[in-house]
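S.K.: If you want the building blocks of each chain, they are given just below.
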Amino acid sequence: MKNKNRPLLELSNIVVEFNADHGEKIHAVSDISFAIFKGETLGLVGESGCGKSSLARAVMQLPGPASGKVTFCSKDLAQLSKKELLKIRPRFQMVFQDSVSALNPKRSVGKTIAMPLKVTGNLSKNERHTLVEKMMSKVGLDSELFNNKPHQFSGGQCQRIQIARALITEPELLICDEPVSSLDVSIQAQIINLLETMRKQYDLTMLFISHDLAVVKNISDRIAVMYLGKLCEIAPSEQLYQSCAHPYTSALFSAIPRVNHPQAFPKLQRCIGELPSPTAPPSGCRFRTRCPKVKEQCVFEEPKLYEISPGHTVACHLFQ
Amino acid sequence: MSIPLLSVKHLTTDIHLEQGKVRAVRDVSFDLWQGKTIGIVGESGCGKSILCKSILKLLPAYAHILEKSQIIFNGRSINNLTEKELNKIRGQGAAMIFQDPLSSLNPVMKIGHQVTETLLYHLKMEEEPALKKAEDLLKAVGIANPSQRIDQYPHQLSGGLRQRVAIAIALACEPKLLIADEPTTALDVTVQAEILDLLDHLQIQRNMAMILVTHDFGLAACRADEIAVMYGGKIVEYAPAEKLLANPRMPYTKALINAIPRLEDPPHTPLQFIEGQPPNMMIPYAGCCFAPRCSLAGHQCRDQEPLLINDDTDDHSFACWNPLGKIS
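For the record, the sequence lines run as chains P and X.
For the first sequence, position 142 matches number 259 in the working numbering, and the numbering has no gaps at all.
For the second sequence, position 125 matches number 1303 in the working numbering, and the numbering has no gaps at all.
It cannot be assumed that every hint is accurate.
[Unchecked claim] Here are the simulated DSSO-like pairs of lysine-lysine, each with C-alpha atoms no more than 30 angstroms apart in a straight line: (1) Lys1199/X - Lys266/P; (2) Lys142/P - Lys1288/X; (3) Lys317/P - Lys1432/X; (4) Lys1317/X - Lys412/P; (5) Lys1317/X - Lys410/P.
Honestly, the hints are just simulated from the structure, not real lab data.
Could you put the whole structure together from the sequences, leaning on the hints where they help?
M.R.: So this is what it looks like as structure tokens:
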């Protein structure tokens, strides 16, 4: 990993909120800070509704966060004008979870892949066409399918189209929001391998979001675990697997059904019940309502992030 | 052991589409004993769901179960039963949980009514005791405040709670067989673990048999006694779970297991995948349906269909001309 110490993307105190019915507020992301260094892949895991996608959208300025700072390549994205933002957009792109809604059904895939170039660049139609054909073959799509529409492709191929569209501007940062969650394992493996090849080829820095810890561990150098809008734990992938600290992370690991360890279901570490509503998150530690190791302090006091070993931080009173 | 609770023999289901006929389930046979779980594993489109619906005859009108198919439930063939007799089996004898609880629950009906519906219909209970029983059922599936929940509508519940309601409905008449078609696919792993623990518990308590359909090999490995792997509408390998995982004989089974990312592998380990596409079920084929994607395929594989046979053990069967490693 080159330039390991230079963050490409820095998030500080990101807050994302949505208005719900009856004047309530959904606290989707609450005060999250972390950095992604150049050349690394950071995995972001957590259950559905924990704010992973909201965080990704905040980074993409789709729209930006309610408060907090997104710094990309030393630029505060919120301070940029619309024009300036459009100029920098080719350098950070995103692959969305649901390719059916992320691709325009009426637009040919060739045009879809060329769209970012058309919006942000000043290449001629022919130049764009050549680049798209090259990109299609790089992601494993037959360039003869240039004029086909998304419905003529399978789920795995649609994800390839999305990857091609995201990479056509040769970005430095690629955000992948659950890119493989609706695919069969064999197709999932192909797409993950493709992302790894592309990462090496384009020297990409990635934020990879998934609810599947095994997938995240396979692709990431570091993993951040989110729970109900908060960051619980962040550590190098192997370290998180070997010695995860937060009770929620252990609960996640122990809940994974594994082919080679069918008996490994340590029930004691399980968390109980379901995610509380993000409109009224619990006081103190947000995980306390489901935590098997909850104590009195957790009700009143929000845990800070403690560094328990170099690069491994955890937000839990047990590590005070 | 006496007779199996469910015996499926040569089950074959055709689906008639505008473009032509699809043979979605091809000659599937298996036995399921009381208290046991069979896991049916396969990729999307392999015929898992149609198989389940065929067993309970819950198929749409354009699907057709072939004559030679036999489904024997509790010692009785259900082939020629009338709709009325079938309805007696559905619910009381065998119940089903579907993948998506949002679409299997009625959005404009209160939770309480949806649970009591089966009690009123099948058990001919009175409204009041039925409501009481509904509360008990919701409590049994781990819903904390059932008396409030019965007055709510499905959209007011989270995905996990909805699936619990669907389970409560399925279990209302204490079925002998539960068919769970991807019951936890829409749920998070932590909730999935809880729901499956609950099913385990209820299964032991009631000696219920279960068909667990899933695309997740890990899930089947953890929860099923026996696993049947489906590909192209057929069972291509069938064995006790630990045997199948320790020693897969059919190359497809092994490829499917190998494609799963493993937690113990270091980051950036390249994943193995299966080349090519799943078979187009509209086009009939002569040989093994996996042959076009199989690295071990020879002439015989392409020309002649392998049957599901046992090799050296009675309980491990596979359909393959070039099976992987024999145990010596």
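S.K.: Output the numbers, in ascending order, of every earlier hint that fails for this structure.
M.R.: none
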